[in-house]
Structures are given as structure tokens and as C-alpha cells.
Amino acid sequence: MSNIKKISRILAFSALFMLLSPVNIWAQCAMCKASVETNVNEEGIGFAAKLNTGILYLFVMPYLLAIVIGYFWFKKAGNTAEN
Numbered sequence: 001m002s003n004i005k006k007i008s009r010i011l012a013f014s015a016l017f018m019l020l021s022p023v024n025i026w027a028q029c030a031m032c033k034a035s036v037e038t039n040v041n042e043e044g045i046g047f048a049a050k051l052n053t054g055i056l057y058l059f060v061m062p063y064l065l066a067i068v069i070g071y072f073w074f075k076k077a078g079n080t081a082e083n
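Residue numbers (the numbering used here): 1 to 83.
Simulated from the structure, these hints should not be mistaken for laboratory data. Some hints could be false.
[Claimed, not checked] Pairwise CB distance ranges (calculated):
hint : residue 1 : residue 2 : range
1    : LYS50     : MET18     : 18 to 24 Å
2    : LYS6      : THR38     : 45 to 51 Å
3    : LEU16     : PHE59     : 16 to 22 Å
4    : LEU20     : ALA66     : 18 to 24 Å
5    : ILE7      : PHE47     : 35 to 41 Å
6    : LYS5      : PHE47     : 40 to 46 Å
Even glycine gets a Cβ: it sits at the ideal position worked out from N, Cα and C.
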């Protein structure tokens, strides 16, 4: 099996593991979550969920960018090694 297939398989399993993780693991900022839970009434529950989703996006984007850059860098290094 080639290295690219191994790496893509590892990344796919890692993404699947993260998507299937319990919800409590996804709470990235404990202080933000605690603040929202104490200040939100019954009707504002949607706001708390949206804030937690926003925190998740802010957390994931730098890692996703690093993975994409690493993939293209690895792919280019493989092409230059073959030539």
C-alpha cells in the first residue's frame, strides 16, 4: 500500500473518530460554555448551541488548514522524488 493511501486512511479514521465522539468532548471552551449556561434562559438554548458550534469552527480551522498544506507539500515532495 502506498504512503498516500496509508495517510488518507489514517486521516479518514481520525475524522470519523472525531465525528462519532461524545458531545462533551466537543465543548472546547469551558469558560464560554459556563458563561452561556448561566446567562441563558429557557428560550435562548439555541444561542448556546450556536456559540459552541462557533467555538468548534474556530478550533478546527487551523488544524484543517495545516492538514491541507501538509498534504500538498507531501504530494509535491513525492513528485520531485520520482523525477
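Query raised in the report: Checked against the structure, which of the hints given earlier come out wrong?
Result: Of the numbered hints, all hold.
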